[in-house]
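Colleague: In order, the protein sequence lines correspond to chains L and U.
Per numbering that gives the first Met the number 0, residue 0 is the first one in the first sequence, and the count goes up by one each step.
Per numbering that gives the first Met the number 0, residue 0 is the first one in the second sequence, and the count goes up by one each step.
There may be inaccurate statements among the hints.
Just so you know, same-sequence chains aren't split out, so a pair can sit in one copy or run between any two.
Unchecked claim - Keeping only pairs whose Cα atoms sit at most 30 Å apart, straight-line, the calculated DSBU-like set for lysine-lysine is:
| # | residue 1 | residue 2 |
| --- | --- | --- |
| 1 | 365 | 164 |
| 2 | 398 | 26 |
| 3 | 393 | 112 |
| 4 | 398 | 88 |
| 5 | 27 | 51 |
| 6 | 262 | 27 |
| 7 | 250 | 398 |
| 8 | 365 | 393 |
| 9 | 36 | 112 |
| 10 | 365 | 398 |
| 11 | 106 | 225 |
| 12 | 313 | 106 |
| 13 | 28 | 250 |
| 14 | 250 | 26 |
These are calculated hints, taken from the structure and not from any lab test.
2 protein chains.
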Amino acid sequence: MKVAIMGYGTIGSGVAEVLRVNQEILKKKIGEPVELKYVLDIRESIPEDNDKLINDFSIIENDDEVGLVVETMGGIHPAYEFVKACLEKGKHCVTSNKALVDACGSKLISIAKAHNCNFYFEASVGGGIPVIRTIHHNYAGENLIEITGIMNGTTNFILTNMREKGADFGETLEEAQRLGYAERDPSSDIDGFDTSRKTAILLSMASGNRCRHEDIYTEGIRDISKLDFSYAHELGMSIKLLGSVQQVEDKYFAYVVPMMIPKSDPLFSVDGVFNGIRIVGNCLGTTMLYGMGAGKLPTASAVVSDIIAAVRHKNEFQGIGWSENMLEIEPMGSNAFSYFIRVEGTSSDIEADLREYFLNEDSELKPIVLDNRTDEFALLTDVMFEDDFLDNVKAFEAKTGRRIFHFIRTEKET
Amino acid sequence: MKVAIMGYGTIGSGVAEVLRVNQEILKKKIGEPVELKYVLDIRESIPEDNDKLINDFSIIENDDEVGLVVETMGGIHPAYEFVKACLEKGKHCVTSNKALVDACGSKLISIAKAHNCNFYFEASVGGGIPVIRTIHHNYAGENLIEITGIMNGTTNFILTNMREKGADFGETLEEAQRLGYAERDPSSDIDGFDTSRKTAILLSMASGNRCRHEDIYTEGIRDISKLDFSYAHELGMSIKLLGSVQQVEDKYFAYVVPMMIPKSDPLFSVDGVFNGIRIVGNCLGTTMLYGMGAGKLPTASAVVSDIIAAVRHKNEFQGIGWSENMLEIEPMGSNAFSYFIRVEGTSSDIEADLREYFLNEDSELKPIVLDNRTDEFALLTDVMFEDDFLDNVKAFEAKTGRRIFHFIRTEKET
Numbered sequence: 000m001k002v003a004i005m006g007y008g009t010i011g012s013g014v015a016e017v018l019r020v021n022q023e024i025l026k027k028k029i030g031e032p033v034e035l036k037y038v039l040d041i042r043e044s045i046p047e048d049n050d051k052l053i054n055d056f057s058i059i060e061n062d063d064e065v066g067l068v069v070e071t072m073g074g075i076h077p078a079y080e081f082v083k084a085c086l087e088k089g090k091h092c093v094t095s096n097k098a099l100v101d102a103c104g105s106k107l108i109s110i111a112k113a114h115n116c117n118f119y120f121e122a123s124v125g126g127g128i129p130v131i132r133t134i135h136h137n138y139a140g141e142n143l144i145e146i147t148g149i150m151n152g153t154t155n156f157i158l159t160n161m162r163e164k165g166a167d168f169g170e171t172l173e174e175a176q177r178l179g180y181a182e183r184d185p186s187s188d189i190d191g192f193d194t195s196r197k198t199a200i201l202l203s204m205a206s207g208n209r210c211r212h213e214d215i216y217t218e219g220i221r222d223i224s225k226l227d228f229s230y231a232h233e234l235g236m237s238i239k240l241l242g243s244v245q246q247v248e249d250k251y252f253a254y255v256v257p258m259m260i261p262k263s264d265p266l267f268s269v270d271g272v273f274n275g276i277r278i279v280g281n282c283l284g285t286t287m288l289y290g291m292g293a294g295k296l297p298t299a300s301a302v303v304s305d306i307i308a309a310v311r312h313k314n315e316f317q318g319i320g321w322s323e324n325m326l327e328i329e330p331m332g333s334n335a336f337s338y339f340i341r342v343e344g345t346s347s348d349i350e351a352d353l354r355e356y357f358l359n360e361d362s363e364l365k366p367i368v369l370d371n372r373t374d375e376f377a378l379l380t381d382v383m384f385e386d387d388f389l390d391n392v393k394a395f396e397a398k399t400g401r402r403i404f405h406f407i408r409t410e411k412e413t
Numbered sequence: 000m001k002v003a004i005m006g007y008g009t010i011g012s013g014v015a016e017v018l019r020v021n022q023e024i025l026k027k028k029i030g031e032p033v034e035l036k037y038v039l040d041i042r043e044s045i046p047e048d049n050d051k052l053i054n055d056f057s058i059i060e061n062d063d064e065v066g067l068v069v070e071t072m073g074g075i076h077p078a079y080e081f082v083k084a085c086l087e088k089g090k091h092c093v094t095s096n097k098a099l100v101d102a103c104g105s106k107l108i109s110i111a112k113a114h115n116c117n118f119y120f121e122a123s124v125g126g127g128i129p130v131i132r133t134i135h136h137n138y139a140g141e142n143l144i145e146i147t148g149i150m151n152g153t154t155n156f157i158l159t160n161m162r163e164k165g166a167d168f169g170e171t172l173e174e175a176q177r178l179g180y181a182e183r184d185p186s187s188d189i190d191g192f193d194t195s196r197k198t199a200i201l202l203s204m205a206s207g208n209r210c211r212h213e214d215i216y217t218e219g220i221r222d223i224s225k226l227d228f229s230y231a232h233e234l235g236m237s238i239k240l241l242g243s244v245q246q247v248e249d250k251y252f253a254y255v256v257p258m259m260i261p262k263s264d265p266l267f268s269v270d271g272v273f274n275g276i277r278i279v280g281n282c283l284g285t286t287m288l289y290g291m292g293a294g295k296l297p298t299a300s301a302v303v304s305d306i307i308a309a310v311r312h313k314n315e316f317q318g319i320g321w322s323e324n325m326l327e328i329e330p331m332g333s334n335a336f337s338y339f340i341r342v343e344g345t346s347s348d349i350e351a352d353l354r355e356y357f358l359n360e361d362s363e364l365k366p367i368v369l370d371n372r373t374d375e376f377a378l379l380t381d382v383m384f385e386d387d388f389l390d391n392v393k394a395f396e397a398k399t400g401r402r403i404f405h406f407i408r409t410e411k412e413t
């Protein structure tokens with residue numbers, strides 16, 4: 000199989016490296032060599048593969064020898080136009096570009112189908128974690144109740160450091176930027192948009208229909224403080240940025256929010272730049288896939304797994320993907336959580352109000368007080384719908400004159 | 000696709016249940032219904048599928064409508080003869096039977112190939128953990144340096160309980176037997192043979208050649224004591240029964256042994272009846288797959304994933320498996336470990352000997368003493384080859400007159 004790589008940045012050059020380093024293994028496993036013919040990039044020279052460097056896309060498009068194209072340019076344009084043109088010529092396309100998959104996936108999948116080739120995107124979610132293909136192959140017969148993941152290494156690095164060092168968000172972000180784990184403009188990571196795109200792709204895989212990441216309720220980690228982690232520590236919990244997809248009968252729920260999670264959650268121990276994706280099936284029970292969610296070679300390795308699949312399904316559309324039908328996501332307010340809340344003052348004179356707004360009748364009131372503070376305390380509420388919770392916060396504040404300083408959604412220890 | 004189930008025990012009846020409960024999802028995902036036609040079993044009646052119960056294998060063998068046979072009888076005979084006969088008729092066969100896959104896998108794979116059908120065995124290792132297909136699909140282009148797993152729920156339940164409750168092996172085994180997590184004759188689990196069979200299957204998947212589990216060095220957990228866990232706790236480590244496969248250049252290493260592992264190992268948090276399999280690739284880095292390694296429905300779910308694959312590859316041998324060439328496993332003595340050793344007496348008057356036999360020149364001697372004991376202390380040795388270590392233990396005991404009471408191989412914190 001002769002291939003072209005479009006975009007020789009971190010991932011594109013990583014793909015060239017994996018193809019070079021593991022060429023013998025690849026040849027043995029798939030029965031033929033994978034040969035890099037072109038690298039499309041605007042730079043003037045590249046190490047190792049300089050003789051393959053071109054800057055005119057039409058050379059790839061019009062070369063019938065090229066059976067597969069790797070898109071690692073990033074962004075939507077001209078990635079979309081290039082991939083579309085290649086698929087229309089019957090060339091398989093594989094990408095690590097989650098923005099492209101999220102925005103144009105269903106269209107590209109249907110073009111691939113029409114031209115009997117494949118559009119693969121294993122690397123677009125979770126880097127080296129085998130999540131797309133596992134959902135397609137292993138869990139196709141499952142009613143997938145839930146997929147919840149830590150899918151952004153930057154935010155997980157920051158949150159892990161805040162927990163371990165007792166540091167605040169701002170200084171930890173600066174350290175992450177110094178170390179190259181966070182970008183100079185970190186918004187896409189820390190405001191949750193990267194996780195939101197990946198969540199949209201998982202929702203599409205699980206439901207079989209397309210969705211827009213803009214329709215997924217998304218909160219980032221800017222408001223998580225050192226103090227929140229002190230309470231979490233006291234509770235034996237941790238705080239993670241989670242993207243979650245849930246199915247209840249034929250309704251779909253999805254959100255990206257920081258959550259407080261207990262030790263019993265397998266995502267609890269997913270630390271630093273590692274990612275983890277928990278998948279719950281109605282028969283399967285709970286599984287978790289763990290690995291490097293980003294990084295040059297792990298992501299390139301996932302791209303190469305797509306190249307292998309394309310060689311193995313050379314003349315056949317494999318059907319990994321979803322339809323062009325639009326999925327409706329249930330509103331955020333209809334999700335139910337237990338909430339960690341930080342309340343102004345002490346609990347002693349407002350016990351009845353706390354009970355009324357945040358606890359079930361038979362629940363015990365267990366305020367958490369740090370270092371004998373009197374300016375605030377915390378509480379885990381019982382499970383309630385988000386709409387009700389937000390109403391109750393307002394009603395509680397109005398009635399008691401006490402502020403709820405901050406809340407974090409939680410999973411209670413099961 | 001019309002299917003027959005051979006053996007209606009826990010897993011077989013679980014497969015029937017998953018096919019029943021998730022029939023609509025299956026039909027939607029694979030484009031046709033999966034219809035249970037026969038259940039082969041010696042019992043006289045079964046719930047739910049009684050009208051399908053037969054006790055004559057030749058009915059399945061000779062019914063051309065049956066395109067796929069599920070083997071969940073266990074044991075090697077007559078499972079082997081039945082599966083062979085079905086494959087020779089071009090019927091796909093799927094199994095959860097690790098003894099069959101370990102002993103006859105390469106033969107059955109080559110019969111399937113000759114008759115252009117498939118022999119699948121996802122459920123034979125790790126239950127609902129998608130390990131076989133992940134190695135075949137996602138990691139086919141990787142140089143797999145290591146696959147190490149907690150693959151037996153019974154032993155992991157026992158070890159987790161010993162750690163959490165500070166209990167000894169005997170009483171914990173009895174509790175596991177009372178709860179139904181351990182069998183009355185627990186040898187296959189606690190002496191490591193179950194893990195050894197699964198390790199052999201993973202070694203075959205990784206190497207592409209067949210091997211015998213009898214050739215894999217195997218130790219169980221009978222000798223792990225409460226005291227070992229006290230030391231492990233002191234060291235911030237845990238003790239797990241691991242099956243491990245490693246590749247160094249073209250040499251293969253494999254063993255099943257209890258190991259002391261640090262918190263940084265993703266297997267550290269795999270507790271209770273859960274299983275976890277860590278896979279390390281040369282480009283991929285470290286990944287870990289986690290889930291229910293046994294149990295009726297999780298295992299049945301993995302069997303159903305094989306049924307899906309067979310429907311999707313109806314007229315095509317997919318090539319998941321290995322050759323009939325025999326793999327040579329390197330001798331146990333050529334593996335290198337750090338060792339946790341428990342030594343008689345105190346360290347004060349034998350420091351030079353401890354250094355000579357167990358530490359590198361520039362290493363610091365750090366004896367671990369529990370509760371001011373003088374009858375024994377412990378030590379983590381530097382990394383050495385197992386052959387050298389065993390020689391050194393003998394030499395040390397001869398020279399000092401002190402016994403090494405017990406040792407456990409360890410991974411040092413990285």
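Colleague: Using 30 Å as the alpha-carbon threshold, which applies to residue 250 and residue 398: within, between, both, or neither?
Modeller: Neither way: residue 250 and residue 398 sit 36 Å apart in one copy and 73 Å across, limit 30 Å.
Colleague: Quick one: residue 28 to residue 250, C-alpha cut-off 30 Å, is that within a copy, between copies, both, or neither?
Modeller: between (41 Å within a copy, 18 Å between copies)
Colleague: With identical chains treated as interchangeable, where does the CA-CA distance between residue 106 and residue 225 reach 30 Å or less: within a copy, between copies, both, or neither?
Modeller: For residue 106 and residue 225, the Cα distance exceeds 30 Å both inside one copy (44 Å) and across copies (60 Å).
Colleague: With identical chains treated as interchangeable, where does the CA-CA distance between residue 250 and residue 26 reach 30 Å or less: within a copy, between copies, both, or neither?
Modeller: Between copies only: 20 Å across chains, 45 Å inside a chain, cut-off 30 Å.
Colleague: Since the copies are identical, ignore which copy is meant and state whether residue 27 and residue 51 lie within 30 Å (CA to CA) inside a copy, between copies, both or neither.
Modeller: within (24 Å within a copy, 44 Å between copies)
Colleague: Indicate which option fits the pair residue 365, residue 164 if close means a Cα-Cα distance not exceeding 30 Å: within, between, both or neither.
Modeller: Answer is both; intra-copy 27 Å and inter-copy 27 Å each pass.
Colleague: Have a look at residue 365 and residue 393 and pick one of within, between, both or neither, based on CA distance no larger than 30 Å.
Modeller: So residue 365 and residue 393 pass the 30 Å test inside one copy only (21 Å; across, 58 Å).
Colleague: For the identical chains here, do residue 393 and residue 112 meet the 30 Å Cα criterion within one copy, between copies, both, or neither?
Modeller: neither (51 Å within a copy, 67 Å between copies)
Colleague: Evaluate residue 365 and residue 398 at a C-alpha cut-off of 30 Å and name the case that applies: within, between, both or neither.
Modeller: within (21 Å within a copy, 61 Å between copies)
Colleague: Within a copy, between copies, both or neither: where do residue 262 and residue 27 come within 30 Å Cα-Cα?
Modeller: Result: close neither inside a copy nor across copies, 43 Å intra and 37 Å inter.
Colleague: Classify it for me, residue 398 with residue 26: is the Cα-Cα distance of at most 30 Å met within a copy, between copies, both or neither?
Modeller: neither (71 Å within a copy, 55 Å between copies)
Colleague: For residue 36 and residue 112, with the copy left unspecified, which applies at a CA distance of at most 30 Å: within, between, both, or neither?
Modeller: within (25 Å within a copy, 33 Å between copies)
Hints 2, 3, 4, 6, 7, 11, counting from the list given before, are not met by this structure.
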